[in-house]
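Participant: Model the full structure from these sequences, guided by the hints.
Residue numbers (our numbering), protein chains in the order written: chain A, 693 to 806; chain B, 583 to 687; chain C, 322 to 463.
Check before you lean on any hint, since a few could be wrong.
Claimed, not checked - A few chain C residues that face chain A, going by a derived Cβ cut-off under 10 Å, partial list only:
hint : residue
1    : 325
2    : 328
3    : 332
4    : 333
5    : 336
6    : 439
7    : 443
8    : 446
9    : 453
10   : 454
11   : 456
12   : 458
13   : 460
What the hints assert, rightly or not - Distance condition first, Cα-Cα at most 27 Å in a straight line; then the derived DSSO-like pairs of lysine-lysine:
hint : chain 1 : residue 1 : chain 2 : residue 2
14   : C       : 385       : C       : 403
15   : C       : 385       : B       : 638
16   : C       : 434       : C       : 370
17   : C       : 461       : B       : 638
Just so you know, the hints here were simulated from the structure itself, not pulled from any lab data. None of these values were measured; they are calculated from a predicted model. For glycine and all other residues, C-beta sits at the position ideal for the given N, C-alpha and C.
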Amino acid sequence: MDSIAPLLIAKALDGLHARYQATAENIANANTPSYRPLNVTFEARLEAAARQGAEAVASVIPQLELAPARGLGSEMRLDLEIATASQTAMRYAALVDILGRGMAISRAVVRGGN
Amino acid sequence: MNGAEAIAAVSGVEGPLALRVGAPTTQIVSPQSAGFGEILMAGLRGVDQKIATADKLVEQFAVNDSVPVHQVTIALEEARLAVELAMQVRSRLVEGYRELMNMPL
Amino acid sequence: MDAIEISRTGLDVEWQRLEVIAQNLANLNTSRTASGEPYRAARLLSGPKMRFSKLVGRGEAPAKPQGVAVLGLAHPGGGVRKVHEPGHPDADAQGFVTYPDIDHAAEMTLLIKTSRAYEANLTAISFAQQMYSRALELGKQS
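Facilitator: Quick look at the structure:
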């Protein structure tokens, strides 16, 4: 099949996995003074690449960023990090499940009614 | 004529309900105006359409978290059921054809 | 999931409101801030995040709910009360010291409201997670 859906899902899973690791790192540093939280970005680039085709998608890599040293977003908010962890885990589970369902359809074709 | 058309000619009905694969908007036509083959092709097009819809939704969901996840799972489930049904139809047809061909005449 | 993003903004706003209340309570007896001015009680203002174009057609619901945001800080009321303390280092010529006019009971009431709102947002998140998981169970057999 020419569908880029499995590739998109795989890249999204990569990004979410990286985000979860960054979030775990942030939570572990709950008591570190003047800790700068880590963020992961990939969604915007993945969406843009999806419009361009499979090669563009294959080149998307999750980006690890350090939060600004001062101002908005520089503080480590434990409750928001936990919310991020839960959101990331849920979306990861959803994408894995959906990938599985897509494979089940292909499997049904391969089995051919047997 | 092939085995499938032979069955339709012998039975004189338009075909069992289970063979009407695809969207409910498929028209039910009399056996004289649409052959069994055409009904089958329409059914397969319906399956193809469902797979395409599901694929589109999956692509949208993979890049955008705003797509409601239930829409994606429902579309995937419908596509899977349609494919499995089509595969069953194919098996039954092949079986029936073989049986016919083995009849001593 | 959008619903969780909306609840996140709620958590964020209530947290900031809590910080403002804590600041007010901590400064109940502040006679003078670092800049020399008396401390003024603050209130966090928050509201729905809307595109400015929507504000033109006031009264209609936003096309897509986007959650809440902090709109600013207000300093309601007169803000100061004067107490006669001639021996105080910050007393003025007449012997009066200016303290912030913070209503302790009102602050505590707002604190309770804020904490309830915070908890409600957490509950909303947990329900959204349940809905999400249930949608993934579609079509699963046993």
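Participant: Any hints this thing doesn't respect? Which numbers, in order?
Facilitator: Per hint list: single violation, 14.
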